[in-house]
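> Order-wise, the sequence lines are chains A and B.
In this text, residue positions in the first sequence follow the UniProt record's numbering: the first is 1, and each later residue adds one.
In this text, residue positions in the second sequence follow the UniProt record's numbering: the first is 1, and each later residue adds one.
Careful, some of the hints might be misleading.
[As the list claims (entries may be wrong)] Chain A regions said to be covered by chain B (calculated; three or more residues, Cβ under 8 angstroms): (1) 3-12; (2) 69-76; (3) 79-93; (4) 98-111; (5) 125-139.
Because the hints were derived from the structure by calculation, they are not lab data.
C-beta: ideal position from N, C-alpha, C; glycine also.
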Amino acid sequence: MTFNDRIFGVLLIVLAVAYGWGASQFPEPFGGAEGIAPGTFPTLLAVVLGLSSLYLIVRPDPDNAWPWSRTGVELIVAVVVLVLYAMLLEPLGFILSTTLAIGTLCWRMGAKVLNAYLVGAASGVVVFLLFNFALDLALPLGLLSFLEVS
Amino acid sequence: METLGFLIDGFGVALAPHNLMFALMGAFLGTLIGALPGLGPANGVAILIPLAFSLGLRPETALIMLTAVYAGAMYGGRISSILLNIPGDEPAMMTCLDGYPMAQQGKAAEALAISAIASFIGSLIATVGLILLAPVLARFALTFGPAEYFALFLLAFATLGGITGKNPVKTVVAACLGLMVATVGIDSTGVQRYTFGTLELYEGIDFIIAIVGLFAISELLFFIEERAGGGKAKMAVNKLKLSWADIRNILPSSVRGGILGFIAGVLPGAGASLGSFIGYTLEKKAVGKKGFFGQGDPRGVAGPEAGNNGASSGALVPMLTLGVPGSGTTAVLLALLISLNITPGPLMFTQNADIVWGVIAALLIGNFLLLILNIPLVGIFVKLLSVPPMYLLPCVTMIAFVGIYSISNTTFDLYFMVAFGVAGYVLRKLEIPLVPIILGLLLGPEMEKNLRHAMDISDGDWTILWNSGLAIGLWVFAAVGLILPYIVGPILRRRMKVATAATAGNPEGD
Numbered sequence: 001m002t003f004n005d006r007i008f009g010v011l012l013i014v015l016a017v018a019y020g021w022g023a024s025q026f027p028e029p030f031g032g033a034e035g036i037a038p039g040t041f042p043t044l045l046a047v048v049l050g051l052s053s054l055y056l057i058v059r060p061d062p063d064n065a066w067p068w069s070r071t072g073v074e075l076i077v078a079v080v081v082l083v084l085y086a087m088l089l090e091p092l093g094f095i096l097s098t099t100l101a102i103g104t105l106c107w108r109m110g111a112k113v114l115n116a117y118l119v120g121a122a123s124g125v126v127v128f129l130l131f132n133f134a135l136d137l138a139l140p141l142g143l144l145s146f147l148e149v150s
Numbered sequence: 001m002e003t004l005g006f007l008i009d010g011f012g013v014a015l016a017p018h019n020l021m022f023a024l025m026g027a028f029l030g031t032l033i034g035a036l037p038g039l040g041p042a043n044g045v046a047i048l049i050p051l052a053f054s055l056g057l058r059p060e061t062a063l064i065m066l067t068a069v070y071a072g073a074m075y076g077g078r079i080s081s082i083l084l085n086i087p088g089d090e091p092a093m094m095t096c097l098d099g100y101p102m103a104q105q106g107k108a109a110e111a112l113a114i115s116a117i118a119s120f121i122g123s124l125i126a127t128v129g130l131i132l133l134a135p136v137l138a139r140f141a142l143t144f145g146p147a148e149y150f151a152l153f154l155l156a157f158a159t160l161g162g163i164t165g166k167n168p169v170k171t172v173v174a175a176c177l178g179l180m181v182a183t184v185g186i187d188s189t190g191v192q193r194y195t196f197g198t199l200e201l202y203e204g205i206d207f208i209i210a211i212v213g214l215f216a217i218s219e220l221l222f223f224i225e226e227r228a229g230g231g232k233a234k235m236a237v238n239k240l241k242l243s244w245a246d247i248r249n250i251l252p253s254s255v256r257g258g259i260l261g262f263i264a265g266v267l268p269g270a271g272a273s274l275g276s277f278i279g280y281t282l283e284k285k286a287v288g289k290k291g292f293f294g295q296g297d298p299r300g301v302a303g304p305e306a307g308n309n310g311a312s313s314g315a316l317v318p319m320l321t322l323g324v325p326g327s328g329t330t331a332v333l334l335a336l337l338i339s340l341n342i343t344p345g346p347l348m349f350t351q352n353a354d355i356v357w358g359v360i361a362a363l364l365i366g367n368f369l370l371l372i373l374n375i376p377l378v379g380i381f382v383k384l385l386s387v388p389p390m391y392l393l394p395c396v397t398m399i400a401f402v403g404i405y406s407i408s409n410t411t412f413d414l415y416f417m418v419a420f421g422v423a424g425y426v427l428r429k430l431e432i433p434l435v436p437i438i439l440g441l442l443l444g445p446e447m448e449k450n451l452r453h454a455m456d457i458s459d460g461d462w463t464i465l466w467n468s469g470l471a472i473g474l475w476v477f478a479a480v481g482l483i484l485p486y487i488v489g490p491i492l493r494r495r496m497k498v499a500t501a502a503t504a505g506n507p508e509g510d
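Let the sequences and hints guide you as you build the complete structure.
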């Protein structure tokens, strides 16, 4: 099967065209005496990318299998956890969000639930203490801000 | 003699107590990272860069620490090769061949000690080579004009896929993608490019975020897919019985391996994998029928280990002198230099002499530290190998988050990092190499600047790009570098596979 490279090649050509079109829209700088304009280098890149993507479509490599089904779901779960981690880092605070994120990741990777969240909590607390006291860098406390020593 | 003076000054920098402390810490962390399967030197250095930043280290201290991490990771790769038959990273693959059989024969301690000594000798030879070669190359590089630099960057991209790389077109695609990301932001004439009016993009995309995402996050996703975490029986480590005769036995192998490795490291595109491979095969040839390679010959451990470590120090030569890295990890170190506002390349030897020579001296000191760490303390690293990856990798991911967050204190960068991680996963699936992307990100602005300068000089005449003998030479090398993998690559890859399959398929090998 050689679909991967073909599909990717088509997507890349779309990207190359869009990118090259973008390059043609850049305004010429005042004077215009310069050897190359802001769009020249991007145009070169668009051409090279377009040509090599054509090659990928014509001469694709054999495919690697994609993890459909269960593993695919696990991967999506992992990405969602990471995005949520980024979202919750400030409102929940570092310790709570780390406990949840690390715990969930460990658990989904096959650790026992209790162990997973214990590891999450422990690593969150240790890193928080290390950063806030040893390294003097403030990580957000979030919901736990009532613990703050003032 | 001038070099010697600089080197002595360099020792002055490297031996400052806090630099020494960070070198020790880096060496320890590096060995740890290298020893754990799944975490290579590039990953390790990538994750620690944001931390080095948030610690607010001085440039030379940050560089010394991360160089020590790099050297340490190259030392550490062998530990899991010998004890688990799982190479910590690709260059450590050849060490499995004789290292694991030695461990099976109850000589794990000897194998670990021999590999540590060989690593030390390999690194030492390469560091001396670096001291001798780097200033010469830097002086030569000072004659480069913008056109030559432009061609040199092309050469770097062309050879980065490496001789063992698979599809050169994919290297080109990867380089383009990296360069395209590098054009985001406000260019030197003040024009906004591809920012879509987003304020956060005006300064461009920080390559540290891209690097950590591409390496660390995609590694996590790959691990989830493969779930390689299943416990493999670990070899017990016996009490060390190493005589002078044993050391003398491996000495010539280590020296040969180190020299070969250094050459492989300096040559663009060859790198540590090739260093350890030729270190092993030539050792086999040199010893001939008297050896028992593949069945636990100590020289089969020493050769590739010396080659591997020699190559990793050798790869620093083009990185420091030309600003063109020869491997993934040196690309990450280059990112560090650029973000410390140090322009890598020949001028660095005059403008930032203290930093360059401090790092080189630190590399020498680091090797001694690593030897001391690795012989008596190897037990600690062995114990740490039993940490299950299912706990380890999430924690490493968190460190990546903390590091990136503490640079800017905004979560905006974290989303970008995750996006780069997902992209890295997809690209690795498609066998698009990640290192040219990183290199594109790093070199993009410089490349465009040199193109602009060349055009300014020639008044818009493109032929200036191949107008000097030197430039033509670089173009030819670039073309060869791109075409050679087509011819030599399959043969080399097959040989490496045959060599490793011989032990992997061995019924006693598991």
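> Work down the list of hints and note, for each, if the structure agrees.
Now the hints, each set against the structure:
Only when three residues or more bring their CB closer than 8 angstroms to a CB of chain B does the claim for the stretch 3-12 of chain A stand; here the count is 4, and the claim holds. Counting residues of the stretch 69-76 of chain A whose beta carbon lies closer than 8 angstroms to any beta carbon of chain B gives 3, which meets the minimum of three for the stated coverage. Check result for the stretch 79-93 of chain A against chain B: holds, 8 residues qualifying (beta carbon to beta carbon below 8 angstroms, three or more required). Only residues whose C-beta sits within less than 8 angstroms of a C-beta in chain B count toward coverage, and the stretch 98-111 of chain A has 9 of them, enough to reach three; the restraint holds.
With a threshold of 8 angstroms between beta carbons, the proposed coverage of the stretch 125-139 of chain A by chain B holds, since 5 of its residues qualify and at least three are required.
Figure legend: structure checked against the earlier numbered hints; every hint is met.
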